[in-house]
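> Construct the complete structure from the given sequences, taking the supplied hints into account.
Residue numbering for the sequence shown follows this note's numbering, beginning at 1 and increasing consecutively.
Any given hint could be a false lead.
Said to hold, decoys possible - Only pairs whose alpha carbons sit at most 30 Å apart, straight line, appear in this in silico DSS-like list of lysine-lysine:
id, residue 1, residue 2
1, LYS264, LYS215
2, LYS84, LYS218
3, LYS217, LYS84
4, LYS264, LYS217
5, LYS218, LYS149
6, LYS149, LYS210
7, LYS210, LYS90
8, LYS90, LYS218
9, LYS90, LYS264
10, LYS264, LYS210
Since the hints were derived computationally from the structure, they do not count as laboratory data.
Note that the structure is a prediction, hence the values are computed from the model and not measured.
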Amino acid sequence: MKGSHSAGSGGRKSGATRLLCPLLGACLWVAVAGYKPVVIVHGLFDSSGDFVNLLRFINQSHPGTNVSVIDLFDRSASLQPLWKQVEGFKAAIYPIMQNAAEGVHFICYSQGGLICRGILSTLSNHNVHSFISLSSPQAGQYGDTDYLKYLFPQFVKSNLYHLCYTSVGQRISICNYWNDPHHRDLYVNSSDYLALLNSERPNPNSTEWKQNFLKIKKLVLIGGPDDGVITPWQSSQFGFYDDNETVVEMQHQDLYLRDVFGLKTLAARGDLILCSVPGVQHVWWHSNETVFHTCMEKWLE
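The following block contains the structure:
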């Protein structure tokens, strides 16, 4: 009798196991498949190797997430014109989007945040859910930083417009978003990238670009007062200088008030998130665990 009891018990166990395994498998599959792929676009002078900490944070909080750090326009190649970079990154990212039926998330750092805006504006069938702009000069850049001294040792912020607002200057990425508040007309008429993205001068594509951009589900703008590179730091949240170099916050900017590419619409939808973190220097945004948990983690589901 013992033998038959034992066999019966074993039979029940194996039956239960046969039932449980597929269920557990299904649960694990749901857990893994529940996270949308994440695409990371680097900034000026960076490369894909700079994002190991961010990769670790994502894998710890959302195990099994497919993360792609796009390895293009690294280091000095990041100085190439932004429209050229947009086309290159777009070609690399589009297949990732096509393989993600539920959509993808963007984390775009520094200059990369402007590249991602170019992709989102010009790609009509993108499927980006969260666009996380990580300390990116979204309203432009105007500051005497170490980057400026390194790139243009003979210039300071007050005279860089002499180079940037020429056809030669516009072949250098930083000049594509150099926004001199004292030479606004020159910026509007000469900027081949940011002034077009912001529809600050007439752009025949502006309606279509706005529709494309508004397909995102969340726009998360991360920055902070101790950044030290993005100038003013509020540019990371679409604030910028007036001609007295007084910062005008996003909500009072013309591009917000006129809703030229969708910021006001996103805010009305409840899909515009500002996340400000003090004490973080520019080069550490993607390696700071507090920034990840505070500003990014919840938007990567």
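> Verify the proposed pairing of LYS90 with LYS218, using a straight-line Cα cut of 30 Å.
At roughly 20 Å apart (the allowed maximum being 30 Å), LYS218 and LYS90 satisfy the hint.
> Measure nothing beyond the straight line between the CA atoms of LYS264 and LYS217; if it is 30 Å or shorter, mark the hint as holding.
Holds, at about 14 Å.
> With the threshold set at 30 Å, check whether the alpha-carbon distance from LYS218 to LYS149 stays at or below it.
Outside the cut-off at roughly 35 Å; violated.
> Under the criterion that the straight-line Cα-Cα distance not exceed 30 Å, is the pair LYS84, LYS218 satisfied?
holds, 26 Å
> Given the hinted pair LYS149 and LYS210, is their alpha-carbon gap at most 30 Å?
violated, 35 Å
> Is the straight-line distance between the alpha-carbon of LYS217 and that of LYS84 30 Å or less?
The hint holds at about 26 Å.
> Hinted pair, alpha-carbon criterion (30 Å max): LYS264, LYS215. Please report holds or violated.
holds, 14 Å
> Given the hint that LYS264 pairs with LYS210, does the C-alpha gap stay at or below 30 Å?
holds, 11 Å
> Is the straight-line distance between the alpha-carbon of LYS90 and that of LYS264 30 Å or less?
Given pair LYS90, LYS264 holds - Cα atoms ~26 Å apart, limit 30 Å.
> Keeping to a limit of 30 Å between CA atoms, is the pair of LYS210 and LYS90 held or broken?
Holds, because 18 Å separates the two Cα atoms, which is no more than 30 Å.
Consistency with the previously given hints fails for numbers 5 and 6, ordered from lowest to highest.
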